[in-house]
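Novice: For reference, the chains in residue letters:
Number of protein chains: 2
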Amino acid sequence: MFNLPEWTYEFHGHKCPFMPIGYRMGVYAMNLLGVERSKNHEMRIFSEMGIAHPQGCLQDGLMAATGATFGKGMIEKLFYGKVAATFWYPGKGGVRIYLKNGFADSMSPHEFFKLRKKGIEPSEIPEDIRADIIKSVLEASDKELFEVTKLPAFNYNPVKGSFNKAKCEICGEYVFERYLRVKEGKKVCIPCSQHGKAEITLPRPR
Amino acid sequence: MFNLPEWTYEFHGHKCPFMPIGYRMGVYAMNLLGVERSKNHEMRIFSEMGIAHPQGCLQDGLMAATGATFGKGMIEKLFYGKVAATFWYPGKGGVRIYLKNGFADSMSPHEFFKLRKKGIEPSEIPEDIRADIIKSVLEASDKELFEVTKLPAFNYNPVKGSFNKAKCEICGEYVFERYLRVKEGKKVCIPCSQHGKAEITLPRPR
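Residue numbers (the numbering used here), protein chains in the order written: chain Y, 4 to 209; chain C, 4 to 209.
None of these hints come from the bench; they were simulated from the model. Be aware that one or more of the hints could be misleading.
Any copy, or any two copies together, can satisfy a pair, since identical chains are not distinguished.
What the hints assert, rightly or not - Taking lysine-lysine and the DSS-like style, the derived pairs with C-alpha atoms no more than 30 Å apart in a straight line are: (1) Lys186 - Lys121; (2) Lys80 - Lys18; (3) Lys42 - Lys190; (4) Lys153 - Lys103; (5) Lys95 - Lys80.
Turn these sequences into a full structure, and let the hints steer you where they fit.
Specialist: Right under this line is the structure:
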């Protein structure tokens with residue numbers, strides 16, 4: 004049976020089935036790409052999750068397994084509303100992994116999801132119900148869980164980082180240069196610029 | 004001296020000063036709001052960080068301390084390029100915390116940042132240099148580190164979640180309802196819809 008380090012549950016805040024599914028997906032992605040856990044800024048994850056639907060917990064498992072964390076800027080959402088992610092590693096190409104319909108279907112009648120649909124938060128669901136559904140995740144094989152699409156030609160060019168920063172000339176707070184704006188000739192932060200939400204920058208047509 | 008659980012460094016992937024700054028900021032926010040670590044979907048964090056600048060590591064500390072994780076959809080970026088975050092907890096209002104200019108200035112001549120600016124990844128920086136800068140973070144007082152703005156009237160209405168999903172009628176993959184689109188009368192996922200990037204939805208003017 005697959006096992007997760009105890010700290011992954013502590014990080015996540017509760018025991019549920021989708022954090023472990025994400026952890027397993029992350030480990031599987033590393034195996035498929037032939038790479039180790041990322042200490043710094045190596046693996047990038049493009050998660051197909053979105054907002055305001057369940058099963059996003061998966062992404063905490065992805066980060067915990069791979070080291071491609073939100074803080075380091077290594078995981079982003081694509082807002083497709085799917086339980087899937089594409090993993091990219093420099094020099095290794097990419098791989099997309101999707102949670103199989105069959106496995107999703109096998110889980111959905113479980114008491115855990117009946118209670119979740121009633122609005123009961125995961126930590127309030129009885130321990131034995133949660134242990135039972137997590138066991139089914141940890142006992143499944145990678146093949147039962149995941150559908151894999153290898154993307155050897157997938158490439159990605161991360162935006163180049165910069166340490167440049169300056170103080171906003173109105174509020175005095177430090178701002179990284181990319182996010183400085185100009186108002187009445189002063190270099191200012193976005194809130195002090197009072198530039199409205201409507202001022203959305205559209206890409207130049209090509 | 005402040006101390007972080009060892010697993011927080013394991014989660015993050017390397018030892019650096021900004022993950023601990025974020026952890027301390029998260030603990031301070033919980034103290035100011037009078038709340039515990041979030042097991043489920045309680046605290047929300049609006050981080051003012053953006054892309055492609057350093058110090059984002061802070062956000063891994065914020066998640067680790069508060070339980071407001073990316074996977075659970077509890078932390079988002081505002082893309083202002085500032086080392087600051089607003090913390091909201093249901094029924095408790097909000098608090099904004101900013102890393103003081105004085106503390107940022109005191110850290111910036113440190114050997115750690117000289118090496119980072121040369122492009123050396125955190126885990127490649129000698130252990131003693133990292134231990135030294137982390138010590139200065141852990142020994143500082145909350146007042147030396149943080150500037151606080153209490154926002155008792157701050158309110159936030161999270162988007163209501165839904166378990167509804169259906170299979171894309173082209174690729175057959177499950178899609179949460181919010182992200183289904185329509186193409187030639189079929190309910191399809193966003194990639195199968197082939198709707199272009201240019202089809203951006205702007206908010207209705209009010």
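Novice: Mind listing which of the numbered hints don't hold for this structure, in increasing order?
Specialist: The structure breaks hints 1 and 3; every other hint is satisfied.
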